[in-house]
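Participant: Sequence:
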Amino acid sequence: MYGEGLARIVDIMASSEAEGLATAAVEDELVEHLLLLHDLHPIPVEERVVGALEGVRPYLESHGGNVVLMAVEDGVVRVRLEGSCDGCPSSAMTLKLAIEEAVHKAAPEVERVEAENAEPEEEAADGLIQLTVAKGLGGGDATLASSHGPGANGGSAGVGPAGGADGAWAIAGALPELSNGGTLVKPVGGEAVLFLRLDETFYAYRPTCPACMSSLDGAGLDGDALSCPACGERYDARRAGRSLDAEGHLVPVPLLEDEAGMVKVAVGSPVA
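Each residue of the sequence shown is one higher than the last, beginning at 1 in my numbering.
Zero decoy hints are in this set.
What follows is a set of in silico ranges between Cβ atoms, one per label pair, in the way DEER data are often shown:
1. V68 with P44: 10 to 20 Å
2. K105 with V68: 18 to 28 Å
3. A168 with P58: 16 to 26 Å
4. D258 with E73: 21 to 31 Å
5. V31 with G261: 21 to 31 Å
Think of the hints as simulated: they come from the structure by calculation, not from any bench.
The beta-carbon is built from N, C-alpha and C at its ideal position, and this holds for glycine as well.
The whole structure should be built from the sequences, with the hints applied where relevant.
Facilitator: Here is the structure:
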């Protein structure tokens with residue numbers, strides 16, 4: 001009776017002369033979750049997925065990537081990844097995790113997201129990466145596995161240095177310390193993360209210089225160039241931490257910012 005009553009309310013709102021009333025109602029997070037619980041969301045799942053991808057697209061583009069929606073069917077969202085920084089598998093993994101989180105937030109009834117790589121990566125040469133979403137309405141942890149099964153060493157297939165099956169999203173906060181620029185190393189979810197902000201966009205990296213293995217706490221920022229305080233090695237903070245002086249790159253940490261300006265990152269994963 002309870003669910004049927006909600007269904008009638010949604011029907012009345014949808015047929016009301018007040019245009020957009022049903023859509024406006026789901027802008028309230030509590031109402032939206034209640035309707036999702038009873039499979040009554042007035043906006044089709046595909047439309048919500050499209051909106052989620054549009055919302056995360058600027059972040060993907062900041063990492064040199066893009067995403068194309070292929071299909072939404074039987075609880076599965078299939079996307080194709082394009083771009084990501086050349087030679088940076090961790091950047092591609094960052095994009096996958098960001099997409100999964102955005103889709104899960106907009107359409108928690110989606111059971112999984114399958115991301116097809118437009119270009120092969122080191123960790124998943126030519127396969128399909130499957131992102132499994134925890135069922136339910138909460139922001140469940142994401143797990144990730146290769147469609148090719150176990151890795152070469154007999155364990156689960158690796159997912160790159162910036163994300164993994166043990167990773168979870170943790171709140172970093174609004175990061176007011178970066179309102180005037182600079183960098184910040186802050187513990188989040190039990191791990192230290194390097195944060196910076198460029199043109200109103202936040203970026204996060206593991207706080208270790210790959211050139212000298214020193215901490216990047218106190219790293220300088222000149223335009224897009226982040227400099228190691230110990231050895232002076234410079235990295236392009238906007239382009240997934242690519243080294244400006246030699247080979248190698250920083251390790252990006254997946255990051256998302258919500259409508260309220262709160263930042264969360266995917267932590268808890270081993271660094272390769």
